[in-house]
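Chemist: Each chain is listed here by its residues.
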Amino acid sequence: MKKVEAIIRPEKLDDVKKALADKGFIGLNIVGVTGRGVQKGIVHAGRAGQAYSVDMLPKVKLETVVADKDADEVIDIIQQAAWTGNIGDGKIFVSPIEQAVRVRTGERGDVAV
Amino acid sequence: MKKVEAIIRPEKLDDVKKALADKGFIGLNIVGVTGRGVQKGIVHAGRAGQAYSVDMLPKVKLETVVADKDADEVIDIIQQAAWTGNIGDGKIFVSPIEQAVRVRTGERGDVAV
Amino acid sequence: MKKVEAIIRPEKLDDVKKALADKGFIGLNIVGVTGRGVQKGIVHAGRAGQAYSVDMLPKVKLETVVADKDADEVIDIIQQAAWTGNIGDGKIFVSPIEQAVRVRTGERGDVAV
Amino acid sequence: MTLTDIPLSAGDTAWVLAASALVLFMTPGLAFFYGGFVRNKNVLGTIMQSFVVMGLVGVLWVLIGYSLAFGPDVKGWGLIGNLDFVGLRHVGALGNSQAGPAIPAEAFMIFQAMFAIITPALITGAFAERAKFGPFLIFMAAWSLLVYAPVAHWVFASSGWIASDIKGVDFAGGTAIHVNAGAAALAAAIMFGRRKGFKQEPMEPHDITMVVLGASILWFGWFGFNAGSAGAASPVAVNAFTVTNTAAAAAALAWVGMSWWRTGKPSVVGAAAGAVAGLVAITPASGYVQPMEAIGIGAIAGILCFLAVQWRTRTSLDDSLDVVAVHGVGGMTGALLTGVFAVAAATTGVNALGAGVNGLTHGGGFDQLWRQAVGVLAVAPYSFVITLAILKVLDLVFGIRVSEEDEVAGLDVSQHGERAYIFGGSGPVLGIPEAIPVHMHGDQAGTAAEHALQPSHGRAQ
Amino acid sequence: MTLTDIPLSAGDTAWVLAASALVLFMTPGLAFFYGGFVRNKNVLGTIMQSFVVMGLVGVLWVLIGYSLAFGPDVKGWGLIGNLDFVGLRHVGALGNSQAGPAIPAEAFMIFQAMFAIITPALITGAFAERAKFGPFLIFMAAWSLLVYAPVAHWVFASSGWIASDIKGVDFAGGTAIHVNAGAAALAAAIMFGRRKGFKQEPMEPHDITMVVLGASILWFGWFGFNAGSAGAASPVAVNAFTVTNTAAAAAALAWVGMSWWRTGKPSVVGAAAGAVAGLVAITPASGYVQPMEAIGIGAIAGILCFLAVQWRTRTSLDDSLDVVAVHGVGGMTGALLTGVFAVAAATTGVNALGAGVNGLTHGGGFDQLWRQAVGVLAVAPYSFVITLAILKVLDLVFGIRVSEEDEVAGLDVSQHGERAYIFGGSGPVLGIPEAIPVHMHGDQAGTAAEHALQPSHGRAQ
Amino acid sequence: MTLTDIPLSAGDTAWVLAASALVLFMTPGLAFFYGGFVRNKNVLGTIMQSFVVMGLVGVLWVLIGYSLAFGPDVKGWGLIGNLDFVGLRHVGALGNSQAGPAIPAEAFMIFQAMFAIITPALITGAFAERAKFGPFLIFMAAWSLLVYAPVAHWVFASSGWIASDIKGVDFAGGTAIHVNAGAAALAAAIMFGRRKGFKQEPMEPHDITMVVLGASILWFGWFGFNAGSAGAASPVAVNAFTVTNTAAAAAALAWVGMSWWRTGKPSVVGAAAGAVAGLVAITPASGYVQPMEAIGIGAIAGILCFLAVQWRTRTSLDDSLDVVAVHGVGGMTGALLTGVFAVAAATTGVNALGAGVNGLTHGGGFDQLWRQAVGVLAVAPYSFVITLAILKVLDLVFGIRVSEEDEVAGLDVSQHGERAYIFGGSGPVLGIPEAIPVHMHGDQAGTAAEHALQPSHGRAQ
Ligand SMILES: Nc1ncnc2c1ncn2[C@@H]1O[C@H](COP(=O)(O)OP(=O)(O)O)[C@@H](O)[C@H]1O
Ligand SMILES: Nc1ncnc2c1ncn2[C@@H]1O[C@H](COP(=O)(O)OP(=O)(O)O)[C@@H](O)[C@H]1O
Ligand SMILES: Nc1ncnc2c1ncn2[C@@H]1O[C@H](COP(=O)(O)OP(=O)(O)O)[C@@H](O)[C@H]1O
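So the protein lines, in turn, are chains A, B, C, D, E and F. According to the working numbering, the first sequence is numbered sequentially starting from 10. According to the working numbering, the second sequence is numbered sequentially starting from 10. According to the working numbering, the third sequence is numbered sequentially starting from 10. According to the working numbering, the fourth sequence is numbered sequentially starting from 541. According to the working numbering, the fifth sequence is numbered sequentially starting from 541. According to the working numbering, the sixth sequence is numbered sequentially starting from 541.
Source of the hints: derived by calculation from the structure; they are not laboratory data. Be aware that one or more of the hints could be misleading.
As the list claims (entries may be wrong) - The calculated label-pair distances, taken between Cβ atoms and stated as ranges, are:
no., chain 1, residue 1, chain 2, residue 2, range
1, B, Arg117, A, Val47, 30 to 38 Å
2, F, Ala929, B, Arg117, 53 to 61 Å
3, B, Pro105, A, Glu82, 19 to 27 Å
4, F, Trp801, E, Phe738, 52 to 60 Å
5, F, Glu944, A, Lys32, 47 to 55 Å
6, C, Asp77, D, Asp935, 52 to 60 Å
7, C, Asp77, D, Arg854, 58 to 66 Å
8, B, Arg117, F, Glu944, 46 to 54 Å
9, B, Arg117, C, Ile96, 30 to 38 Å
10, B, Ile35, C, Pro105, 24 to 32 Å
11, F, Trp801, C, Val47, 34 to 42 Å
12, D, Lys736, E, Phe938, 39 to 47 Å
13, C, Val47, A, Asp119, 31 to 39 Å
The structure presented is a predicted model; accordingly, all values stated were derived computationally and were not measured. Using N, Cα and C, we set each Cβ at its ideal position, and we do this for glycine too.
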């Protein structure tokens, strides 16, 4: 199995979730992260609207474990749904998963994801 | 070494932590995630108690890095302690860790975890 | 590629980020975790300042994916910048990443990180 | 002895000043009540929609609103005041016939200013989470002058046609304020349309403790609203105070009971909303009814408003914070029940208007009930139509609704460039939970986040 | 001239109305004070336990409570009022001998209503985070009628046995309110038992800013509580106002100092708790002592209550929010110190009760101190025993405590089906930090989360 | 008839008591206003800096502060009061010539106590997020006695040199309070130095809803501040009330407009800050000007204070919460505009001081404007210099600033051992978002987190 981790824009999360579900990829986890990349943001703060440049921006990390054969498809789905073409669109990383267990049943392997 | 990642019910976290500690597995990290699986939740909102079905539920992800030989034992401990038998019990994933470093001492490998 | 995950003290995050940027490692993600290790904390709570011993402490997990050749350098940078010499300094874990995709361009591999 | 010869009463003045302060405090109370109900990303925008009205109407009322509402009647038609009091000319230190002859006219003016402020703010709940700020401001100003001022004249001014010809009574504003705001809210909910994601995604209150804080401030301030309307620290004020508390209590219980029965859980939001419903309903009646009847009014309002909310949630109307169901239905309930439960004995000493009214259950027959109904039937359609017209014009000229991207990003970031909460530690570095859903622009140069957080390009919204 | 011939004073009435509003506001203040102390998952349940009492007792007091407390004495025994004032019959606009003959009886009634509301709400801190909502409501109603009403009669009514026979004085409720609530809290803490995890896991306050907000509202409202008890805008009211502020100030400093000394850090929670302790202690004394002595009373109360909390945390008593240590100990301290520091000069003009009392340090000897002690010794055991009895019965019939699963899930979700905060963005999707610890059912069909969030199956708790 | 023969007025007393309660409530309002602006890790420390002053000055004022400020003048120099009123000796129930002869002297005393409390608290915004708590307390005490008390004597006491010789007028404290606090804030910002990370990392307000809550309480309480300064429920009080609301409204609009123009977005923080600026500016003028001129004063203050903040952010002065720009500039603006807009007609009935003043636009020429300027020019340098001196001494003896590690950790943990918010569920286990940035000690035994969370080692800071 593979774990596909995608760091994407928070506002694209709904689209990505939907795109995955449409192709049958339901199981996933979301975690809020703060990311640094090329992209920079600007924040207003204070009574006279002082602007600060910020090098860390809020992102969402989506994690899903899928069977080896599905990994490429999932990458493509995410990349398309998360795309805006602007700096800050994010990254997708794939890593190996050696074992998966469904807690409820104790099933292992591909059937568990 | 292996990283064991377990996505479990928040209310089972205490039991799992305790079960691991009992067998000598102390080091671990917790992160709050929002997960989607088969399980659905219902939320009440608003003045007349409107109910919404929710497809994302709060989960806790527990991460611990252990020596190769301990991985199976840890999986079993977690699976038993996190089990309720209902949909939404969660998943456990195992992935390879190539190196581990203890920041305080610079030690590497199994002794560092 | 390798994913370097470092669990460090929150107050060391700025130093670590700066040290990485100085050597050209910009891209990274931060996520807040609660960690258990040897270290214990004490919290005051309530009107008469009751003290509780706490076995879980807030930590920061920094994740960055780098080219294979850079992994050792990144580990060293982090270890030095995050070091205080006290219990609770944290851990660094390295794991394999099989694929990386830049969402904006679709580029894959080392160029994407 | 003419009215202005009556010596001023320090006691009456003290009470009206305290009451005015209490009513002013209700507007921030409303801001928090509403602010707690919306999603995190819209809390500042929602609070601002009430808070800025304190500024806007606070100034407008002094400039012209008071004159339109309480100035000498134009041609005796009872429709609107003239411009004699513009800029508060001729509103002086002397006694005044309108409410409490023993207080300075300026005290009556500032007390009424607080009513003029909160009424338009009430409407904002109908279009929460989607209004463009610039047009919103114009809407509030126009509504204040074109709807509130005339209606206040009709109902509250002794020469107004509802007060003097119809002899409908409205102690502290069931018709002039709550029915009025409720009807405007209906128009506004229609004009603004439904929020993106309405009925598809949960829109849970982001902070129910804030809702309760707001409701608590409202309850507290409402003592000034109702008991201050006596214009004196008189037995009528005391009775108004008592029935206000009693009706709020009864309505809170009733709503909690309804939510318990219908959903299986007694709702905390329901306790807050119920109290407000009771306060709304007792408002017109507070000078005319007795405590036991206040229990009835409160309980009936709590139940009816609950049912109205429940019914509304089955429709496709996105009156987001249920202004119609609480203020419209609650205000109407109170206005009509005044015609049922009013008793002359309670009103001994009510200044100026409405003294000696007996309702249906006190031997007055259907007479007063009918007068009350006329008041409601005059105010509601007027408010509805003019509100529709104002919003239609504004929509054609400016657009009243934020873009879809701005709606997704939330009003806080898109309209005000601010975010409400940074909880995650020292600045944005640890600000992990503060993921702001910023909006995006497909083919624009800047990234979405940059755009959302940058100053807009020099143009008012 | 009989008392009811005294003309009403608008000034006195204005002050008592303002004071009544202030005291009402204290109950939400208490809700936030308590709400900040509990864990996130119980904040709504805790706030609700105070807020809903505004509804419950607000209605009960009008129906019957006032009559039991302040109705004409039954058989002259000084134990309880009769039913003459049920539904506020005969409670009219005229002057009243009870407090301030120059205000309407109805004003006295509604002022006292606010006391009747907050007293049972005080007790809720003893059993925070574990009470079943349905039985809780019955407990509050029963306590209000079986404990509060008689005790208020004993202490506050001119015909009550403590007031008239013992001649114990209690200006604004040290005995009738704080000792009373403190004794009940002790009984309740015992009956409810310890929270799951008590002394094993930290139960830190989830929002200390909310604690301070609550304490601030309490301080603000307490001016109405104490200075309003003069029943007039008189020099006695002014003095009560002054000593209230002074004692709160001194006690806040004292508690901060104690926490600094004992833990090495000056505690913010301690400043808030200390202010409340000082306010509690000055309550019975506020009509009888002078500002310099208020510093003494405040400082002593701050220190004693701190020590009481510290001592309590070493016991196994889970009086979760330290009602016994603050209201019980603080109220007793104040009641007794009134017998020490009272000076007749301060009371010139105190209406009805307690005028001209001199305490130990003002040449009165132990006489008044003794009378004060009798008051405390009568009220505390009565309250303790009846509270135990009520809770025992409720526990046998319904169970007063939530199930362990519900306790883990928290009151907000389990009792009210609501969660307080959704901070993480647009709805639950980004609601990462909002991990609700939902409870689980080993062998039930539905999943734990579903169950926790679903309406319960049609049955009241 | 001497002044003390005037019978007390219950109405006037009622209003002054209500006003005193309102002004007390402003200090927690300020605590939240400031608390919302700082970062999460400093919110408790910031709130505490205001809250604890209620304790500290609440006691000091009774002990000695009132006597220094309002005691009989020492040698007739108009510089300071003598010790006749120490411990409130001779401050009794009788009428008093200072403000409102118809209220007890003790009422005047406690009303003024609230002013004495809030003024030092205002300064704390200048050194937010970096003051050591122990020395801070001494600073507040010293400033209260060495700066506030004399300046209040100069300006407010009828025998003070500014009041009696210069005949500068200051209805409710533009000079004595806001210019005074502003000048002290400048000195304090210089002495404390810049925060670590100033201008390098964003220091966004951690909770803007808390800012608005604070501003709302301030607005509400300010009615007591200004209208209570009439010392009576008189037409002057009513006028002060009206102009207070009007100026706040105008200034809020002006600031929102400025922020809209300069940053492209109408700022919610700006609405709150603007209201406060307007309230500050109208304070000295509130007894002397009419509503239309209040619009002018508010609008001018809103614009000037905005520009002052904007200018300050371009300097390297870390007056963290812009006390100089809002209270200094706003107070000065108001003090001078009083000399421009004052009109004798508005002041009929102002007790004691300042009756019958006409400003520049009302035929009074530059005369009064000049007197106003002298007041400002006397108070500001005095306050600046003495504040510098106090802080210099404290810095040498104790150090006024926390260590860098404590500053990184935040005041809440380092000074008070507490953390404000635990939002993530049941205790620290799920407290993921609550990552506290604890500080570290390179070569110490204990770990950083342990140290930060443990009691310090028995020594006051
Ligand atoms: N090497 C990396 N390792 C982990 N996360 C990264 C890395 N580089 C970028 N990221 C994440 O991706 C996000 C987008 O990166 P950015 O460089 O702004 O976008 P783009 O690659 O589209 O230009 C960052 O905010 C960060 O969260
Ligand atoms: N493929 C997956 N990858 C990552 N996490 C998953 C995956 N499938 C499920 N999860 C996580 O596991 C949780 C439980 O999944 P669910 O299908 O409801 O439970 P069960 O497998 O016990 O029926 C989900 O909420 C989600 O957090
Ligand atoms: N086996 C592990 N797997 C994952 N994280 C760990 C593990 N052991 C420790 N950690 C993380 O590292 C942090 C520091 O561990 P601790 O044992 O206190 O420090 P040290 O190793 O420096 O003595 C812990 O709080 C936890 O977040």
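Chemist: With reference to the structure, classify each hint as holding or not holding.
Modeler: Going through the hints against the structure:
1. B:Arg117 x A:Val47: 30 to 38 Å: Given a distance of about 32 Å, which is inside 30 to 38 Å, the answer is holds.
2. F:Ala929 x B:Arg117: 53 to 61 Å: Hint holds: Cβ distance 58 Å, inside 53 to 61 Å.
3. B:Pro105 x A:Glu82: 19 to 27 Å: 24 Å, holds
4. F:Trp801 x E:Phe738: 52 to 60 Å: Once the Cβ atoms are compared, 57 Å apart, the range 52 to 60 Å for phenylalanine 738 of chain E and tryptophan 801 of chain F holds.
5. F:Glu944 x A:Lys32: 47 to 55 Å: 53 Å, holds
6. C:Asp77 x D:Asp935: 52 to 60 Å: 59 Å, holds
7. C:Asp77 x D:Arg854: 58 to 66 Å: The hinted range 58 to 66 Å holds for aspartate 77 of chain C and arginine 854 of chain D, with Cβ atoms some 60 Å apart.
8. B:Arg117 x F:Glu944: 46 to 54 Å: 33 Å, violated
9. B:Arg117 x C:Ile96: 30 to 38 Å: 18 Å, violated
10. B:Ile35 x C:Pro105: 24 to 32 Å: Distance hint for isoleucine 35 of chain B, proline 105 of chain C holds at roughly 26 Å.
11. F:Trp801 x C:Val47: 34 to 42 Å: Violated - the Cβ-Cβ distance for tryptophan 801 of chain F and valine 47 of chain C, about 57 Å, lies outside 34 to 42 Å.
12. D:Lys736 x E:Phe938: 39 to 47 Å: 45 Å, holds
13. C:Val47 x A:Asp119: 31 to 39 Å: 38 Å, holds
The earlier numbered hints that this structure contradicts are 8, 9 and 11.
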